[in-house]
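2 protein chains.
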Amino acid sequence: MSNAKISRLVRLPAGPVDLTALDSHAKPGFKGGKAAGRAALAGMGSELADLQERLWAEGTVGSARRILLVLQGMDTSGKGGVLRHTVGLVDPQGVRITSFKAPTEEELQHDFLWRIEKAVPQPGFLGVFDRSHYEDVLIVKVHEWADAAEIERRYDAINDFEQRLVDEGTVIIKCMLHVGPATQRERLQERLDNPDKHWKFNSGDIDERVLWPAYRAAYEVALERTNTDVAPWHVIPSDRKWYRNLAVAHLLRDALRAMDLQWPEADFDVDEQKKRLADEAPLI
Amino acid sequence: MSNAKISRLVRLPAGPVDLTALDSHAKPGFKGGKAAGRAALAGMGSELADLQERLWAEGTVGSARRILLVLQGMDTSGKGGVLRHTVGLVDPQGVRITSFKAPTEEELQHDFLWRIEKAVPQPGFLGVFDRSHYEDVLIVKVHEWADAAEIERRYDAINDFEQRLVDEGTVIIKCMLHVGPATQRERLQERLDNPDKHWKFNSGDIDERVLWPAYRAAYEVALERTNTDVAPWHVIPSDRKWYRNLAVAHLLRDALRAMDLQWPEADFDVDEQKKRLADEAPLI
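Protein sequence lines correspond, in order, to chains A and B.
For the first sequence, our numbering begins at 125 and goes up steadily by one.
For the second sequence, our numbering begins at 125 and goes up steadily by one.
Calculated from the structure, these hints are not laboratory results.
Warning: the hint list may mix true and false statements.
Copies of one chain are not kept apart here, so a pair can be met inside one copy or by any two copies together.
Said to hold, decoys possible - Calculated pairs, SDA-like style, for lysine to any residue (alpha carbon to alpha carbon, straight line, at most 25 angstroms): (1) K129 x A150; (2) K324 x R381; (3) K365 x W387; (4) K399 x E389; (5) K399 x R333; (6) K129 x A163; (7) K365 x G167; (8) K225 x N351; (9) K398 x E310; (10) K321 x R309; (11) K324 x G205; (12) K321 x W387; (13) K398 x G328; (14) K225 x R178; (15) K242 x T222; (16) K129 x G139; (17) K365 x G169; (18) K365 x G205; (19) K365 x A379; (20) K129 x D384.
With the rest of the complex left out, here is chain A:
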């Protein structure tokens, strides 16, 4: 099976979602193991950097196109790892990462999309949401911080919002980093066992963990309801960190390739500028 098919294989099919039926330890579309996977990711670096620079270049001459990569997943699913290892492959100048934490008092006084709107990427950028507007139908639903009618309203609001972003020239790549509860347990245990990682742990992590079945149910509904043609979901098996990083890189690369990005043509007279440079007087 060709690795070129990874993007297609991780795409969530339409219809009801059963996350327990999706193997979080799988590596769809990739035959090799960790070493081969890491090498494959490193091997994508120069193409990714080239494509991202073309996107950036387009943005400098008036194109409206941009990419929004949405990363969702339970604690320890590896959103930070994807930022470091996959997003880290391209020029940081063209990347805008927004990490959404608990909303501030001011943010809570607005519609849930208010703070999201302010973070959408500008033309030419690769915007990355580390958590996103989906928290407003996940943690909010699990804790019943909004009633059922409001959650219901939000699925449609999200679809309308994403449709508008796409209409404006945004390519949206939505990734749910899918870990199993046993993997999360291992990773939390590692954080507790290693004093250098204690800062990554907080005592609320286990409070949320025991709500796992409620989170799973909330994810399943949210994924189904917002798995649109213009902004489909990808469920990335994430028990293997290297596969997770590689799969997101494939999605990013394939999205950039599909944009058919060209270097912008000169908007000035090239020969005239060459002549100016050739004819100039000494400068110092």
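Based on the hints, put chain B in the right spot on chain A.
Using the frame of chain A, we list chain B on its own:
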């Protein structure tokens, strides 16, 4: 000569500045050539990433410390290259790059530091200014968009501003990427000769280039007036791209090392959390 001395060697001494006396083609503190320089930079990646993560970790537990890297230089001096090759070595999650373009109408209605204030890094971040408040005493002075008294006021305002940032916990690393006019000419010529690089060129570039002596004079005064103990300038010989990238990496690494960053201690009872994880009921 040990490479560990690069940071010290590129530091601008106090007193009047004569940029023509500083060799833009030099590689102070580094014996090897391009291949060795690139290898040395790559070899710094893991330490830089580790130190940056410690800075980030500190920020999550209430430390006010942060870094601001200021990149100034003439067109083609390589601010973008430093972002890609040096800043690109650390986790993009902890980096906040601001590229300052010509001020907007709104920005022009405020003091020159208004837009700068909004971009200063938050605790734990490595903030990078690609151009900066120094444009307000460089291009503005060269084009006489402000009178002499206003420029004079700005040097002091900049020093006060930077002192305040330092008092708040910011380590400021100021770099002037020093290229010679012949190197700029080569790089502009390359952009004109290669259609894939035409987008990087604009016809104003040569208009600015012919003002080189005026820019040099403006830089010399600005560097002298703002070369403070709390926020000193470094003049990075930048005719060799690999040396430029390596020297900025040394400054960044040495600044991070000097912060003596420790992994934060747990603010929770580790054994209690381990017990909770060990005792939990099955989740699915």
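For the identical chains here, do K242 and T222 meet the 25 angstroms Cα criterion within one copy, between copies, both, or neither?
both (10 angstroms within a copy, 16 angstroms between copies)
When Cα atoms must be at most 25 angstroms apart, do K129 and A150 count as within-copy, between-copy, both, or neither?
Only inside one copy: K129 and A150 sit 14 angstroms apart there, 49 angstroms across copies, limit 25 angstroms.
Since the copies are identical, ignore which copy is meant and state whether K225 and N351 lie within 25 angstroms (CA to CA) inside a copy, between copies, both or neither.
Within. Shortest intra-copy distance 24 angstroms satisfies the 25 angstroms Cα cut-off; inter-copy 38 angstroms does not.
Intra- versus inter-copy proximity for R309 and K321 (alpha-carbon distance at most 25 angstroms)
For K321 and R309, the Cα distance is within 25 angstroms only inside one copy (15 angstroms; across copies 50 angstroms).
Can you give me the call for K324 and R381, within, between, both or neither, at a CA distance of at most 25 angstroms?
Close across copies (22 angstroms), not inside one copy (36 angstroms); limit 25 angstroms.
I want to check one pair: K398 and E310. Are their C-alpha atoms no more than 25 angstroms apart within a copy, between two copies, both, or neither?
between (62 angstroms within a copy, 11 angstroms between copies)
Since the copies are identical, ignore which copy is meant and state whether K321 and W387 lie within 25 angstroms (CA to CA) inside a copy, between copies, both or neither.
between (44 angstroms within a copy, 8 angstroms between copies)
At most 25 angstroms between CA atoms: does that hold for K225 and R178 within a copy, between copies, both, or neither?
between (32 angstroms within a copy, 20 angstroms between copies)
Can you give me the call for K324 and G205, within, between, both or neither, at a CA distance of at most 25 angstroms?
Within one copy only: 13 angstroms inside, 32 angstroms across.
Checking K365 and W387: alpha-carbon separation at most 25 angstroms within a copy, between copies, both or neither?
For K365 and W387, the Cα distance is within 25 angstroms only across copies (23 angstroms; inside one copy 34 angstroms).
First find the shortest C-alpha distance between K399 and E389 inside one copy, then the shortest across copies, and answer within, between, both or neither for a cut-off of 25 angstroms.
Result: close within a single copy only, 19 angstroms intra versus 63 angstroms inter.
Intra- versus inter-copy proximity for G167 and K365 (alpha-carbon distance at most 25 angstroms):
both (17 angstroms within a copy, 24 angstroms between copies)
Comparing the model with each earlier hint shows no violations; every hint is respected.
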